[in-house]
Amino acid sequence: MSIYVDEETRILVQGITGHQGSFNTTQMLKFGSKVVAGTSPGKGGTSIDGVKVFNTVEEAMGEDPNATFISVAAPYVLDAAKEAIYNGIGLIYILTEKVPYQDTMRIVSLAKKMGKIVVGPNGPGITSPFSCKLGIMPNQIFKRGNVGVISRSGTLTYEIVNQITTSGLGESTVVGLGGDPVTGLNYIDVLEEFKKDDQTEAVAMVGEIGGTAEEEAAEYIKNNFNKPVVSYITGRSAPPGKRMGHAGAIISRGKGTAESKVSALENAGVKVAAFPYEIPSLLKKVLQ
Amino acid sequence: MNLYEYQAKELFRKYGITVPKGKHVKNEGELAWDSYPVVIKAQVLTGGRGKAGGIKFANNARELAENGKQVMSMSIKGLKVRSILLEEKLDISKEYYVSITLDRSKRMPIIMATTSGGVEIEDVPNEKIVKYWIDPTLGYSSFVGRDISFRLNLPAEESKQFQDILSRMYRLYEEYDCELVEINPLVVTKQGSIIAGDAKVVVDSDSLFRHKDLPENSAERTELEEIAFTKGYSLVELDGNIGVIANGAGLTMATLDGLTQKGGKPRNFLDLGGSDDVEKVVGAFEILKVAKPKGILINIFGGVTHCDTVANGIVEAKKRVGVDVPMVVRLSGVNEDIGRKILKENQIDSYADMMDAIEDIVKVVNSR
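Sequence order for the protein chains is A and B. Be aware that the first sequence starts at 1, since it is given in the working numbering, and climbs by one per residue. Be aware that the second sequence starts at 289, since it is given in the working numbering, and climbs by one per residue.
Honestly, I wouldn't trust all of these hints.
To be verified - List of simulated lysine-lysine pairs, DSSO-like, C-alpha gap at most 27 Å: (1) B:Lys582 with A:Lys242; (2) B:Lys488 with A:Lys98; (3) B:Lys500 with B:Lys553; (4) A:Lys242 with B:Lys550; (5) B:Lys550 with A:Lys285; (6) B:Lys577 with A:Lys222; (7) B:Lys311 with A:Lys242; (8) B:Lys311 with B:Lys550; (9) B:Lys550 with A:Lys227; (10) A:Lys284 with A:Lys271; (11) B:Lys314 with A:Lys255.
Hints listed in this document are in silico derivations from the structure and should not be mistaken for laboratory results. As the structure is a computational prediction, the values presented were derived from the model and not from experiment.
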């Protein structure tokens, strides 16, 4: 079993003719995902790697998509997400970075009321080896296994997934939440799914400075989560008040430090790695 | 992006929020006022300017010239005062506080208000602060202002003014994509009117494409950060001596952490981002040239950014920019074999493991 995505996931790519849209359409197809349609206003009737391109989401609904990959420019993300919600698509992944946070807040609030799931923005998406990849994670780092991974970053997630894979373990589903201050899914949402997922026997949670999402996840783990969790938190050496690449990675008014997150997680019984390479050995220990 | 007080107050005026009569002064020649006393306020993008002596008063033209000159020549927390705001002195009866900002946990805007204003909100006891969350789909409505006024126990004559200010603040918060709109103190004068004594506005930098009327405040960036920003790089200047180029915000942060934990001192955070472009790599070396590190660490996990692209970029940079300090390269992920081969052909060694590379550069730099 996997969470959020599976063999039944039928992907629409909004902005399929753009650089990211077309490149990742090919990559998702290579991974084995079902990419069933794309949109690009004005380019309807063409195709990308065999995937039909439509002018509007409404037209594309004829191909029966149930998830969307949004990679339009930041100013158009709010509109693209509304178009997907209006047409009843249940799973909305947003790749785009630098989306104004108030736009994201509106998307997340609306989606919640309509019972839709938003992943991202500014994250690598969701991959479940090898039933489906909805996103941009490199195809070759995965191995099917029993470790669930949740992270706020992209490249660091690949680094850690790669280490899990080369250590001989494998992944159930890998979820990238996104590096923005406001994102659709958060740690607790994903932990709830991993709790119900039989395939997942342990969880690796990759966190970073900024906000209090890791602290809230720690509280949830302490009271509600029955599978072992290991973690790595980055940004220990970051100066306060500076945005470290991700819009959400900032220590502001003394809140959001790595120390606070590490101690909250340790209090919840989570083993926290000092370096990323320690994750596989910690996982092996808790899985014994 | 933080706005200066005078810029924030211009926005307040535009939205019909009453602010004191004032004048923005950029040089000593403009130091003039018609009815004393007058308040002289340093314009800097940092808090605590009052304690640092950045707010002074003048009762006549002589005092204004003297104190104005003094404030203009100050530096507050390392930031040079480039201009001042002259304002009428208010007859203060009471000081309140009100702000609108993002609650990251709830993913909703939060309004905070208290009648114990004039001090940092962090110093006000929690039970004295009224908190109200706005559903982003429903938005603001008049009942919110009424509810908050009742909870603050405002007298009827203040309540109406307060509700009017709050609804205007919320419009500003939404229409200018603000991260923060804060009035502290929100002054109730002896005459009974409510005026924004101070104004703090932070605009979401990612929204600037739709706020072309706002000036870019570059004062928040160091010279090196400004160079990187203009070239489209995400860079944070640090005070160490090892230059860092990595890809992805998380991995770059993890690289800095690793360096620090192993006894090294990073010079910078530089994220190549989701690019796959030789020139982007060369450009990063050009920026590091300005930063003058004692050694350079490149840490790449190839995904969207391919290892061979980075390898070609390093080779190009060596030719065109020149690398005159020790350099350690780590390549892993997509096309790592091709990348490593390109480097080898150009007599550059590389690691597959991040920690090996970190330990090597720390050893080399610390022994120099």
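Q) B:Lys314 and A:Lys255: Cα distance at most 27 Å? A) Cα-Cα ~35 Å, so violated.
Q: Assess, step by step, whether the Cα of A:Lys242 is no farther than 27 Å from the Cα of B:Lys550, and give holds or violated.
A: 23 Å, holds
Q: Mind checking the alpha carbons of B:Lys311 and B:Lys550 for me, to see if they're no more than 27 Å apart?
A: 53 Å, violated
Q | Straight-line alpha-carbon gap B:Lys311 to A:Lys242, limit 27 Å | A | 31 Å, violated
Q: Take the C-alpha atoms of B:Lys500 and B:Lys553, compute the straight-line distance between them, and say whether it is at most 27 Å.
A: Roughly 39 Å separates the two Cα atoms, so the pair is violated.
(Q) Between the alpha carbons of B:Lys550 and A:Lys285, is the straight-line distance 27 Å or under? (A) 25 Å, holds
Q: For the pair supplied as a hint, B:Lys488 and A:Lys98, confirm whether the alpha-carbon distance does not exceed 27 Å.
A: 23 Å, holds
Q | Agreement of A:Lys284 and A:Lys271 with the hint, judged by alpha carbon distance not exceeding 27 Å | A | 12 Å, holds
Q. Hey, B:Lys550 versus A:Lys227, does the alpha-carbon distance stay inside 27 Å?
A. The hint is violated at about 32 Å.
Q. When you check the alpha-carbon spacing of B:Lys582 and A:Lys242, does it fall within 27 Å?
A. 23 Å, holds
(Q) Tell me if the straight-line CA distance from B:Lys577 to A:Lys222 falls inside 27 Å. (A) Not satisfied, since the Cα-Cα distance of roughly 48 Å exceeds 27 Å.
Hint compliance for this structure: hints 3, 6, 7, 8, 9 and 11 are not met, and every other hint is.
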